[in-house]
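Asker: Using the sequences and the hints given, assemble the complete structure.
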Amino acid sequence: MTPYRTRKVRILNGPHTAMVPVAYLYGLETVGYPGTIL
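Using this note's numbering, you'd call the opening residue of the sequence shown number 2 and step up by one each time.
What the hints contain is simulated information worked out from the structure, not anything from laboratory work. Yeah, the Cβ is synthetic: ideal placement off N, Cα and C, and Gly gets one too. It cannot be assumed that every hint is accurate.
Have a look at the derived ranges for each label pair, beta carbon to beta carbon [what the hints assert, rightly or not]:
1) TYR5 <-> LEU26: 29 to 37 Å
2) GLY28 <-> THR3: 19 to 27 Å
3) THR31 <-> VAL10: 27 to 35 Å
4) TYR27 <-> TYR5: 32 to 40 Å
Answerer: Spelled out as structure tokens, the structure:
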């Protein structure tokens, strides 16, 4: 991958990975549309 793409993927994947424990505490087991929790 190009350096730009690698950086972009890391920037996007970091917050998504950090949200997994929060989603698990809400009882979510699958990924859905991002606005459904609110």
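Asker: Hint by hint, say whether it matches the structure.
Answerer: Hints, one by one, checked against the model:
no.	hint	verdict
1	TYR5 <-> LEU26: 29 to 37 Å	34 Å, holds
2	GLY28 <-> THR3: 19 to 27 Å	39 Å, violated
3	THR31 <-> VAL10: 27 to 35 Å	22 Å, violated
4	TYR27 <-> TYR5: 32 to 40 Å	34 Å, holds
Of the numbered hints listed earlier, those contradicted by the structure are 2, 3.
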